[in-house]
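K.L.:
Chain by chain, the residues:
Number of protein chains: 4
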Amino acid sequence: MANFGGHAIPGSFFFLYGVWLTVKHILHHYWRMHQPKHRQGMAPFLKKMHYFEGGLQIFAASVGILVEQFVPDGPHAHLISGREWVKLMNWQHSTMYLFFGIAGVTLVASTASKLVPVGVDRLILSMALFVEGFLFYYHVSMRPHLDAHIHTLLLVAVFGGAASTMLEVFKRHNIILELLGAGFFILQGTWFYQIGFVLYPLSGPQWELEQHDNIMFVTMCFCWHLAVAVLLVTSTSFAVWFMLRRLSSNGRDIEIGMRNTSSASNSQKFLLEESEEE
Amino acid sequence: MANFGGHAIPGSFFFLYGVWLTVKHILHHYWRMHQPKHRQGMAPFLKKMHYFEGGLQIFAASVGILVEQFVPDGPHAHLISGREWVKLMNWQHSTMYLFFGIAGVTLVASTASKLVPVGVDRLILSMALFVEGFLFYYHVSMRPHLDAHIHTLLLVAVFGGAASTMLEVFKRHNIILELLGAGFFILQGTWFYQIGFVLYPLSGPQWELEQHDNIMFVTMCFCWHLAVAVLLVTSTSFAVWFMLRRLSSNGRDIEIGMRNTSSASNSQKFLLEESEEE
Amino acid sequence: MANFGGHAIPGSFFFLYGVWLTVKHILHHYWRMHQPKHRQGMAPFLKKMHYFEGGLQIFAASVGILVEQFVPDGPHAHLISGREWVKLMNWQHSTMYLFFGIAGVTLVASTASKLVPVGVDRLILSMALFVEGFLFYYHVSMRPHLDAHIHTLLLVAVFGGAASTMLEVFKRHNIILELLGAGFFILQGTWFYQIGFVLYPLSGPQWELEQHDNIMFVTMCFCWHLAVAVLLVTSTSFAVWFMLRRLSSNGRDIEIGMRNTSSASNSQKFLLEESEEE
Amino acid sequence: MANFGGHAIPGSFFFLYGVWLTVKHILHHYWRMHQPKHRQGMAPFLKKMHYFEGGLQIFAASVGILVEQFVPDGPHAHLISGREWVKLMNWQHSTMYLFFGIAGVTLVASTASKLVPVGVDRLILSMALFVEGFLFYYHVSMRPHLDAHIHTLLLVAVFGGAASTMLEVFKRHNIILELLGAGFFILQGTWFYQIGFVLYPLSGPQWELEQHDNIMFVTMCFCWHLAVAVLLVTSTSFAVWFMLRRLSSNGRDIEIGMRNTSSASNSQKFLLEESEEE
Numbered sequence: 001m002a003n004f005g006g007h008a009i010p011g012s013f014f015f016l017y018g019v020w021l022t023v024k025h026i027l028h029h030y031w032r033m034h035q036p037k038h039r040q041g042m043a044p045f046l047k048k049m050h051y052f053e054g055g056l057q058i059f060a061a062s063v064g065i066l067v068e069q070f071v072p073d074g075p076h077a078h079l080i081s082g083r084e085w086v087k088l089m090n091w092q093h094s095t096m097y098l099f100f101g102i103a104g105v106t107l108v109a110s111t112a113s114k115l116v117p118v119g120v121d122r123l124i125l126s127m128a129l130f131v132e133g134f135l136f137y138y139h140v141s142m143r144p145h146l147d148a149h150i151h152t153l154l155l156v157a158v159f160g161g162a163a164s165t166m167l168e169v170f171k172r173h174n175i176i177l178e179l180l181g182a183g184f185f186i187l188q189g190t191w192f193y194q195i196g197f198v199l200y201p202l203s204g205p206q207w208e209l210e211q212h213d214n215i216m217f218v219t220m221c222f223c224w225h226l227a228v229a230v231l232l233v234t235s236t237s238f239a240v241w242f243m244l245r246r247l248s249s250n251g252r253d254i255e256i257g258m259r260n261t262s263s264a265s266n267s268q269k270f271l272l273e274e275s276e277e278e
Numbered sequence: 001m002a003n004f005g006g007h008a009i010p011g012s013f014f015f016l017y018g019v020w021l022t023v024k025h026i027l028h029h030y031w032r033m034h035q036p037k038h039r040q041g042m043a044p045f046l047k048k049m050h051y052f053e054g055g056l057q058i059f060a061a062s063v064g065i066l067v068e069q070f071v072p073d074g075p076h077a078h079l080i081s082g083r084e085w086v087k088l089m090n091w092q093h094s095t096m097y098l099f100f101g102i103a104g105v106t107l108v109a110s111t112a113s114k115l116v117p118v119g120v121d122r123l124i125l126s127m128a129l130f131v132e133g134f135l136f137y138y139h140v141s142m143r144p145h146l147d148a149h150i151h152t153l154l155l156v157a158v159f160g161g162a163a164s165t166m167l168e169v170f171k172r173h174n175i176i177l178e179l180l181g182a183g184f185f186i187l188q189g190t191w192f193y194q195i196g197f198v199l200y201p202l203s204g205p206q207w208e209l210e211q212h213d214n215i216m217f218v219t220m221c222f223c224w225h226l227a228v229a230v231l232l233v234t235s236t237s238f239a240v241w242f243m244l245r246r247l248s249s250n251g252r253d254i255e256i257g258m259r260n261t262s263s264a265s266n267s268q269k270f271l272l273e274e275s276e277e278e
Numbered sequence: 001m002a003n004f005g006g007h008a009i010p011g012s013f014f015f016l017y018g019v020w021l022t023v024k025h026i027l028h029h030y031w032r033m034h035q036p037k038h039r040q041g042m043a044p045f046l047k048k049m050h051y052f053e054g055g056l057q058i059f060a061a062s063v064g065i066l067v068e069q070f071v072p073d074g075p076h077a078h079l080i081s082g083r084e085w086v087k088l089m090n091w092q093h094s095t096m097y098l099f100f101g102i103a104g105v106t107l108v109a110s111t112a113s114k115l116v117p118v119g120v121d122r123l124i125l126s127m128a129l130f131v132e133g134f135l136f137y138y139h140v141s142m143r144p145h146l147d148a149h150i151h152t153l154l155l156v157a158v159f160g161g162a163a164s165t166m167l168e169v170f171k172r173h174n175i176i177l178e179l180l181g182a183g184f185f186i187l188q189g190t191w192f193y194q195i196g197f198v199l200y201p202l203s204g205p206q207w208e209l210e211q212h213d214n215i216m217f218v219t220m221c222f223c224w225h226l227a228v229a230v231l232l233v234t235s236t237s238f239a240v241w242f243m244l245r246r247l248s249s250n251g252r253d254i255e256i257g258m259r260n261t262s263s264a265s266n267s268q269k270f271l272l273e274e275s276e277e278e
Numbered sequence: 001m002a003n004f005g006g007h008a009i010p011g012s013f014f015f016l017y018g019v020w021l022t023v024k025h026i027l028h029h030y031w032r033m034h035q036p037k038h039r040q041g042m043a044p045f046l047k048k049m050h051y052f053e054g055g056l057q058i059f060a061a062s063v064g065i066l067v068e069q070f071v072p073d074g075p076h077a078h079l080i081s082g083r084e085w086v087k088l089m090n091w092q093h094s095t096m097y098l099f100f101g102i103a104g105v106t107l108v109a110s111t112a113s114k115l116v117p118v119g120v121d122r123l124i125l126s127m128a129l130f131v132e133g134f135l136f137y138y139h140v141s142m143r144p145h146l147d148a149h150i151h152t153l154l155l156v157a158v159f160g161g162a163a164s165t166m167l168e169v170f171k172r173h174n175i176i177l178e179l180l181g182a183g184f185f186i187l188q189g190t191w192f193y194q195i196g197f198v199l200y201p202l203s204g205p206q207w208e209l210e211q212h213d214n215i216m217f218v219t220m221c222f223c224w225h226l227a228v229a230v231l232l233v234t235s236t237s238f239a240v241w242f243m244l245r246r247l248s249s250n251g252r253d254i255e256i257g258m259r260n261t262s263s264a265s266n267s268q269k270f271l272l273e274e275s276e277e278e
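Chains D, L, Z and F are the protein sequences, given in the same order.
Residues in the first sequence are numbered from 1 upward in steps of one, following our numbering.
Residues in the second sequence are numbered from 1 upward in steps of one, following our numbering.
Residues in the third sequence are numbered from 1 upward in steps of one, following our numbering.
Residues in the fourth sequence are numbered from 1 upward in steps of one, following our numbering.
Just chain D, with the same shape it has in the complex (with noise of 0.2 Å):
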């Protein structure tokens, strides 16, 4: 889809992934701390919050492989004409989509069966970013310069995303990486839409491919945007805890399935505690 919108919609999908993730993994963490210790376990708000973000992938990957298969130019499902290849963009896009589909099958399985391995959600997870960019890694060879060189930026932001991922599966319940990992989602998400502006500017005139100068600029503007998802992850936590910490004062723990007894004021003593035990 070599268009704005065809690098806005997974853009949008992923930034808005990455900001679900922060919220997920700051309430886990909360949750966490609220705990006493022998209860171990998993916060029944966050079965609930699996249980939609896995649906919510296997639904959005199902659509995109119809979207790319059924559009009027798309291939129907068809992979071979005569003895020529039918759209492989479109099949390769299919391809991406799939394993986070399948991404989204194990997170609910996950959560649903203790049969399944805890950790095996991230090990799919990753290896649907791995897949991602190694399909664009073979993608953007013979590409103008520009254009191949702001494809591969993104995969700086892909693969360091499988990567954070990947070492989930064997720190469990590490801050960091989680927040490390959303970071990634969400820097992979504006970094689509720049890509988009630069590609398919909405207005005004084309970029020049091989000058110099754009290059470097595209390069210090992926920092720029590192620092703007440093920013979004950081404020997103900040703003979570704040209104969690303004419910519990209220005594309306309920709702987030948090137990009765615990309030501002322990809550911070345990944020405390937690802090000083990592």
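Heads up, a few of these hints could be off.
[Stated by the list, open to error] Cut-off 27 Å, straight-line C-alpha distance, at most; resulting in silico cross-link-like pairs (DSS-like, lysine-lysine): (1) F:Lys171 to F:Lys24; (2) L:Lys171 to Z:Lys171; (3) L:Lys48 to L:Lys87; (4) Z:Lys114 to D:Lys24.
[Unchecked claim] Covered stretches of chain F, going by a simulated chain Z footprint (3 or more residues, C-beta under 8 Å): (5) 90-104; (6) 119-128.
For the record, the hints were derived by calculation from the structure and aren't laboratory data.
Model, not experiment: these values are computed from the prediction.
The beta-carbon is built from N, C-alpha and C at its ideal position, and this holds for glycine as well.
Mind docking chains L, Z and F on chain D? Use the hints.
P.N.:
Frame of chain D, contents of chains L, Z and F only:
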């Protein structure tokens, strides 16, 4: 062995080895969950499986080396003839088999004797995969584009397996890591078949080795193989678990060396506990 | 800032920061050894050092950004002029400073509030180093051979520091890792000076930028800087330890926030115990 | 030193050092298994071995530097002559020796004083290997194909050893890691000999440096060296274990600093326990 059979034979071996590893690791995982905490040690059935696996590796590697050396157009154990190297391709394949043979010897030795440090078998298996990838890496340069590309993708499976198996040296009994390693073997196996189909088609015309669309398709096809490998590991694991559950509910635990006291109901309970602890 | 001063100023900052980190980590290490096991927490003097360090980082980064923007031939906060980018080099340097500024803010925040997860300051510092290396990486292509090479060697120090600092997120209070990170800063600092001397010699003739022998010498010279960095970290550590030992044997522990009961003799004892436990 | 001897001398050193490390680590491993859990600390014989090893490293590095500097056609401690660099190859070799000398000093210091953090000796040894590989890496470009290739393969052994030794900083007393590091030294040693034989054959004609078959053979030959290194580490380990077992059954434990109470029968028992725990 530049023909279809020369790719199908190693492909079948790697595929079956991956399935075997999946079954073995799930059996072991299930058995660990039934053991009381203080009784660590090796499951009796695992010992037999290790002997069988190691023995087969030694046998298959020996046969492989002999075949590569003594096929009619092989080197017949001659390395130099006059001032020329003799059939280096066959020598390279023999070298690969040699390392899988050493891995077999190590597995038998580490099962038989407590003197061999735990984990050495994983290290040597990782080394065998590394050597395979290492030789392939220098093997594929200077081939036509598609030929080189399809072998490069094989390296992803080979080096992925080497890295994952190496990690098992340090992270023992991590079922995710064990299944990941098994999945890489399955992926390698099916990809060997794919290489055979592409380079030596059984029917139909030859593939155009320099056409860009073929490269794009093959890259995407590798991701499909990955999805199939994930599916196969999952379904094999489920099948093994399902059979074990039926067996144990019939009180026939002894056959696979489990303790009599375990029943379907508390096996389920152990499964739950295990998952939460990890 | 393509002159000697433009390399000497950042060089001095990185060098002094490396020495500062060495002193801080050794003080902290010494303090940890004197603490009874159950009293974990942050040393009072460390808190003050963190505020100072973070404040200085914020201040220096702000000054750096302002200087880069408002020097006479700077961009004066203009990014685009007509259809051209304005002074992208200055903008890139400003971006680098920005991230070190963010690292300073994080350090202050994580010292002031227990809400910030432990280790986030290390993550952001690692990110600042990554951004520095990332921008340099695309910066140095298309330069003369020696110029590109000498900047590539800088990347070894920068990315080495980024990796080592990233590891500190997961391995807390490992004195070897902490000193390794400090050493990379010292190495980066002295190497900036070396770049200045080679590309903008204060006296004598210009270096021949394409001569192979110069490349060879510069490569070797980098190793000498590494040896010097090792020596400096070692001697600084020893000096700090020696001064602390003299102070504590005079009973003036309070000055650096230590407990009165520690004396030279049992401090030595603690040192022994610590080393064996690690 | 571009002749056979110039490769045989470092080759012999690395080979013998690898064997020495194997013996040392197996002795230490055996000793650890005999120690009661609560008595941690350093084995008396290990202390002596460390002093010997460190002393020899310092001595050999000093001799190496002096020889490189003061051979008749050496630089005689002159770095610059007029406007030309003097004998940079000799200076590079001196730099390599310098780092192994520093590693020796660190080993002695960390054995003698408890102030030196445990593991620093491994870090510096890893750094010495890194410097060796780093200098070789820039050394080998612009050589004939076979010459460059055979040195590139050396880098696999050098950087493999650097990585494995670096891991030992964080994973102490892991016998597999320790033997892996020793194996990389043995591999490096035998491969230095191989380089000597290929580039400066003692008899027979010169090797054709651009012939593809020679590249293929050399790649495969490296794997054979790897197999030999595995075999040597294994047989050395077994020989040491066998001799220790005979010694301890004769009650002559004191000679190697073991405790009198250990006998062949319970040493075996400890071996079993250790393996299971790991």
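K.L.:
Against each hint, give a clear statement of whether it holds in the structure.
P.N.:
Hints, one by one, checked against the model:
no.	hint	result
1	F:Lys171 to F:Lys24	holds, 17 Å
2	L:Lys171 to Z:Lys171	holds, 17 Å
3	L:Lys48 to L:Lys87	violated, 39 Å
4	Z:Lys114 to D:Lys24	holds, 20 Å
5	90-104	holds (count 6)
6	119-128	holds (count 5)
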